[in-house]
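With the hints as constraints, model all of the structure from the sequences given.
Protein sequence lines correspond, in order, to chains A and B. For the first sequence, the working numbering assigns the number 1 to the initial residue and increments by one for each residue that follows. For the second sequence, the working numbering assigns the number 443 to the initial residue and increments by one for each residue that follows.
Hints should not be assumed to be uniformly reliable.
Claimed, not checked - Cut-off 30 Å, straight-line C-alpha distance, at most; resulting in silico cross-link-like pairs (DSSO-like, lysine-lysine):
#  : chain 1 : residue 1 : chain 2 : residue 2
1  : B       : K459      : A       : K439
2  : A       : K96       : A       : K158
3  : A       : K127      : A       : K20
4  : A       : K20       : A       : K367
5  : A       : K437      : B       : K459
6  : A       : K425      : A       : K438
7  : A       : K158      : B       : K459
8  : A       : K96       : A       : K434
9  : B       : K459      : A       : K367
10 : A       : K367      : A       : K437
11 : B       : K459      : A       : K425
12 : A       : K439      : A       : K158
13 : A       : K367      : A       : K428
14 : A       : K438      : A       : K428
15 : A       : K439      : A       : K425
16 : A       : K300      : A       : K96
17 : A       : K96       : A       : K425
18 : B       : K459      : A       : K300
19 : A       : K425      : A       : K151
20 : A       : K20       : B       : K459
21 : A       : K439      : A       : K395
Because the hints were derived from the structure by calculation, they are not lab data.
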Amino acid sequence: MIGATQGRTFRHGIHPEEHKEQTLGSLIQRMPFPAEVVLPLSQHLGASSKPVVKSGDKVYRGQLIAAADGFMSVPLHASVTGQVTAIEKRHHPSGKMVEAIIIASDLNSPQTLFNEGPIAWQHSSTKELLTAIQGGGFVGLGGAAFPTHVKFSVPDGKRVRFLLINGCECEPYLTTDHRIMLEYADAILLGIRIVQHLLGAEKTYLSVENNKWDAIRMLRERIPADLACEVIPLQTKYPQGAEKMLIAAVLHREVPSGRLPIDVQVMVSNVGTVAGIGDLFAYGQPLIERVVTVTGPGIKHPSTLLIPLGTRLSDILDYCGGISAATRQVIFGGPMMGSPQARLDVPILKGTSGIVCLTEVLATDRKEYACIRCSACLDACPVFLNPSQLGSLAKNGRYEDMLGLHIMDCIECGSCSIPLVQRFKVAKGLIRVKQQKKKAAA
Amino acid sequence: MGDNTPQLVLSSAPFQKRPVDTPLVMRHVLYSLIPVMLAAIYFFGISALLIILVCVFGCVLTEWICSSGPLRNSSLLDGSAVLTAVLLALTLPPGIALWMAFAGGVISILLGKILFGGLGQNIFNPSLTGRAFLQACFPVPLTTWAPNMGFDDFFTLRGDLFTFPFTTPHFDAISAATPLARMKFDREATDLLDLLLGTTSGSLGETSAILILLGGAYLAYRQFLNWRVPVGIFLAAFVTASLLHGWDAGRHPDGVFHLFSGGLMLGAVYMATDPVTSPVTPIGSWVYAICIGVLVVAIRQFGGLTEGVMYAILFMNAWTPMIDRVTQPRTYGTIKTETSPGDGND
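Below, the structure written as structure tokens:
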């Protein structure tokens, strides 16, 4: 009954080695509160938040410490009870120096949540619900960190018929969403009810890859009869969790090039995000902690941890027994689309779904050979590009010609190959710069 | 962060990928050819072995001389020169003079690959380029076929292999017509079982259809071979031949005979599928394969030559960039499917 081919899927894609066994059975455990947290003001796409506390202030866990700067921004809350020791530039996982609020935790505090209790939602207007979600500091927890209230704001004239909840977790190694589905099902289902109500969606499809059959079975049992929600098993294939692929798999619709899911009346949200929204309305808890898979061949004790935002990478690794001397890369996110870290003193952010410690560097350890046009990349590309030809154009700097072959539709999933997708990222960056210059000149 | 903090390496994603690279593909294609080579040695004895070795020597030596600096190792180690050599050897008749085989190897790499800019850049299949060169220069030795004698005569040379370079070899002893020649000139069919097992005369590798198909099936299973190309060629050749056979059975042999005779098997499975010189797009692959299949039968039945596979493939190689250009895949989201009817969206 449980077969790898059971369930819907998209066309093309690849089957990378899963490596999920390290943390598959590890229950989510709360990591002890660290002595200090570093909370960068920019943890999301959009404008940085503005501090409302100053150095020396005493803050409580869950208290607002930085307000949203406009609509394309979200506020930030203290993830521990303690004292603000500084507001200064610190190393950010992106590699930049970013303004951050540093809080020394009060080691004697019970770390109770500072909040105003549950938030009523049944009779609230869309605007009130969106304001509450923005007030909770919510961004997409799958990794993109796009402000949730902006995503959920349906423009005039558009409508959302279907809500897709993304529980695919197609990235190798990560089991964050898997554990969330198994352990926070009630929060997810409440979150779905609220978001469905907010968007006015007819139906919710909770999409889960069929390598998480325990979660599929359990969620199916838990869905209340009055909730228009269905669990959809999907084939285990990368990049199943990419928004466009998920929509193609579940609803057989294609998002037009350069447009958004809402243009095909669909909204996609990650399971972790809706679970967080469920907790926000049930307990008034803003986004101050998240579940992170700490895994990979380099870590001593792979675990699934509930970690206060702003906890330093080094503290997390130490708590998991440390990394071996053979570790050569530490990745935030998954090994297909994550970002590598150069320093261990960076904090985890709202969008950090996993910490993967790798002992081999494929990009530099492996040789690049000439392309023999074997067409494996065409069979892998989930957006049906011709990576082989794009690669040779990129090598020769022919970016204009790449535009004609739809390079801007590349989702940078890396299914084609490591050298190809790296060239595409560079090419897309250069094309964007060129286009902006052209726009500025016009 | 203690003293034993490792030096972390920065690179851009992805950090994990299926470990397939060019040398791996080349290696597996060579593995799949081992049964075919063994069959050649079984049928044609030490001559086959010598021809394969001399071709490998010619190809690898040329590759080594023509590549220099950091390129040298990569282009030698990727295994492509050895594969070109083996495929060239398999298209040669068992009695060919060794110096000709060597020249074929040199030309395959030099004209077929290096002149275009090395691996991945060439327009024509290198092995077939080498063979076409030999065919043009030495038409008689290239179409003189020693009989298939089996393993008893392992040490008997199948021709004047050791002719001094640039002299003409002697053909006094033995020669036998290939199934295609017998069909074309004598209207005489060959038993299908002989064609399947390879107990006929012909080039080193164009004898045993079963072994070639097995090799191809293995490669297709491992996804190292574009299955559309051989399937397209088989279908097109079979249909074309059958139509001709139905029209005039006396002049045209049936489709099955065409499939299993001459170089069609080897060409369809190992030459036409050369990824460098065949289209990358799925639709393009079908167009390319069907054209080859039709051309093979057309050349065989209406041309002056008995064999049409080599020219059919080389001709379609030339069309590959054009086919690729007009059969680009449709990118996700580029056809307007904005809303299904009745969705009520403006």
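Now for the hints, and whether the structure bears them out:
no.	hint	in the structure
1	B/K459 <-> A/K439	violated (38 Å)
2	A/K96 <-> A/K158	violated (37 Å)
3	A/K127 <-> A/K20	violated (40 Å)
4	A/K20 <-> A/K367	holds (27 Å)
5	A/K437 <-> B/K459	violated (35 Å)
6	A/K425 <-> A/K438	holds (20 Å)
7	A/K158 <-> B/K459	violated (39 Å)
8	A/K96 <-> A/K434	holds (23 Å)
9	B/K459 <-> A/K367	holds (13 Å)
10	A/K367 <-> A/K437	violated (36 Å)
11	B/K459 <-> A/K425	holds (17 Å)
12	A/K439 <-> A/K158	holds (28 Å)
13	A/K367 <-> A/K428	holds (24 Å)
14	A/K438 <-> A/K428	holds (15 Å)
15	A/K439 <-> A/K425	holds (21 Å)
16	A/K300 <-> A/K96	holds (29 Å)
17	A/K96 <-> A/K425	holds (19 Å)
18	B/K459 <-> A/K300	holds (23 Å)
19	A/K425 <-> A/K151	holds (25 Å)
20	A/K20 <-> B/K459	holds (15 Å)
21	A/K439 <-> A/K395	holds (26 Å)
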